[in-house]
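Quick one: dock chain against chain with the hints and give me the complex.
Chains V and U are the protein sequences, given in the same order.
Okay, so the first sequence: first residue is 11 according to the working numbering, each after it adds one.
Okay, so the second sequence: first residue is 209 according to the working numbering, each after it adds one.
Do not rely on the hints blindly, as some may be mistaken.
Stated by the list, open to error - Within a straight-line C-alpha distance of at most 27 Å, the following computed BS3-like cross-link-like pairs (lysine-lysine) qualify:
| hint | chain 1 | residue 1 | chain 2 | residue 2 |
| --- | --- | --- | --- | --- |
| 1 | U | K264 | U | K317 |
| 2 | U | K234 | U | K307 |
| 3 | U | K264 | U | K277 |
| 4 | U | K264 | U | K307 |
| 5 | V | K19 | U | K307 |
| 6 | V | K19 | U | K317 |
Unchecked claim - Covered stretches of chain U, as calculated for chain V (at least 3 residues, CB under 8 Å):
| hint | segment |
| --- | --- |
| 7 | 248 to 262 |
| 8 | 269 to 278 |
To be verified - Sample of chain U residues lacking proximity to chain V, with all beta carbon distances greater than 12 Å (derived):
| hint | residue |
| --- | --- |
| 9 | L219 |
| 10 | I221 |
| 11 | A227 |
| 12 | T235 |
| 13 | A289 |
| 14 | A298 |
Honestly, the hints are just simulated from the structure, not real lab data.
Here the structure is a predicted model, which is why all the values come from computation and not from measurement.
The beta-carbon is built from N, C-alpha and C at its ideal position, and this holds for glycine as well.
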Amino acid sequence: NAGVTQTPKFQVLKTGQSMTLQCAQDMNHEYMSWYRQDPGMGLRLIHYSVGAGITDQGEVPNGYNVSRSTTEDFPLRLLSAAPSQTSVYFCASSWDRIEQYFGPGTRLTVT
Amino acid sequence: SQQGEEDPQALSIQEGENATMNCSYKTSINNLQWYRQNSGRGLVHLILIRSNEREKHSGRLRVTLDTSKKSSSLLITASRAADTASYFCATDPPSGTYKYIFGTGTRLKVLA
Numbered sequence: 011n012a013g014v015t016q017t018p019k020f021q022v023l024k025t026g027q028s029m030t031l032q033c034a035q036d037m038n039h040e041y042m043s044w045y046r047q048d049p050g051m052g053l054r055l056i057h058y059s060v061g062a063g064i065t066d067q068g069e070v071p072n073g074y075n076v077s078r079s080t081t082e083d084f085p086l087r088l089l090s091a092a093p094s095q096t097s098v099y100f101c102a103s104s105w106d107r108i109e110q111y112f113g114p115g116t117r118l119t120v121t
Numbered sequence: 209s210q211q212g213e214e215d216p217q218a219l220s221i222q223e224g225e226n227a228t229m230n231c232s233y234k235t236s237i238n239n240l241q242w243y244r245q246n247s248g249r250g251l252v253h254l255i256l257i258r259s260n261e262r263e264k265h266s267g268r269l270r271v272t273l274d275t276s277k278k279s280s281s282l283l284i285t286a287s288r289a290a291d292t293a294s295y296f297c298a299t300d301p302p303s304g305t306y307k308y309i310f311g312t313g314t315r316l317k318v319l320a
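Looking at chain U on its own, in the form it has when it is part of the complex (with noise of 0.2 Å):
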């Protein structure tokens, strides 16, 4: 079963704008973690947040985690057409195990 589920699952906006898209999941977390996907390839990583952090940056990249809600956002700004992309959150359940599970993902389509 999906433990993260993204929303909304498809997101068109302008370059420059700001695109945000969310991660809800059902059970408690270690860490949760952002990849992207471009058409075709494999998923590539891009953040990680522990489950002690609330808030993160990496470039244009903002992730929250809100445990008590079980959920994070992934807000990029300034988007630009090359952050055409399907995104995905990752939770590690917090069994220790290496059994991590992917959302459904947000495909988001910049238009330039």
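Same shape as in the complex, but just chain V (with noise of 0.2 Å):
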């Protein structure tokens, strides 16, 4: 049982490239979100799924897409990277849409 995977666990990206943050998770869980995490900040909700084709916007969710065609795998999308989007990306699960499962996080740099 691996719980939550991230990958990669960094990545440095140039202004306008875009990647796939991946992230699975092998729980069964329905809820799946993705935070990003900022000095001083807090996690941010970026975008969150309640199910395998069901997906919702959070807090910030402007430059990402997400989609969720099965119950492990929620990919982030960053469409075209501004510098603005260096952060560390955390991806979490739930069965019971309370106690959070996080994974380890990818570490995102854009120059």
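Spelled out as structure tokens, the structure:
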């Protein structure tokens, strides 16, 4: 049981490039979320999903897309990377909409 | 916007002392949770308190909730060096969405 996995661990992008951050969970959780963490800002919700095929926006969705074609996977796509998207990204999942299980994070730098 | 605000932002104590950190929030909630984050790692769930509860214990953790003041406190008793971490509160707005909102965190350092 691997829990929540995220790849890659580190990524450097140039402004304007696109990429996908991968998130997978093997706990059969319906609920999944993407957060970004910036110094002094805590975690801010980007997008979330309440089940396969259902996604919704969080607090800071601009510049990011998500899809949920399977229960296990919830990828986050950066369409055209900007320096303001430099951050640490966390994926989380939950079975009861309450306790969340977090992945180890992806540290993204956009130059 | 941030729902939860932790206080203090940083706390440094000696091993064996108690650590208290506070969380204030703005709107009514169904429940409040506390998470711990070790440096460079993901968050780990510590404890949940529901809006109809006033106090909850889990091992060396004691959480209180005062819905009239929209505040919660986390007490760690007999702290250990391994408790060094950042601690975050998270609230679920009552609309029933999955839009959990995290506070800015308290950085706790326990000196051996």
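Right, here's what the structure says about each hint:
1. U:K264 to U:K317: 24 Å, holds
2. U:K234 to U:K307: Distance ~15 Å between K234 of chain U and K307 of chain U Cα, so the pair holds.
3. U:K264 to U:K277: Holds, because 17 Å separates the two Cα atoms, which is no more than 27 Å.
4. U:K264 to U:K307: 24 Å, holds
5. V:K19 to U:K307: 25 Å, holds
6. V:K19 to U:K317: 26 Å, holds
7. 248 to 262: holds (count 7)
8. 269 to 278: Check failed, 0 qualifying residues.
9. L219: 16 Å, holds
10. I221: 22 Å, holds
11. A227: 19 Å, holds
12. T235: 14 Å, holds
13. A289: 22 Å, holds
14. A298: The claim breaks: A298 of chain U does not keep its Cβ more than 12 Å from every Cβ of chain V (closest is about 8 Å).
Against the hints set out earlier in the document, violations occur for numbers 8, 14.
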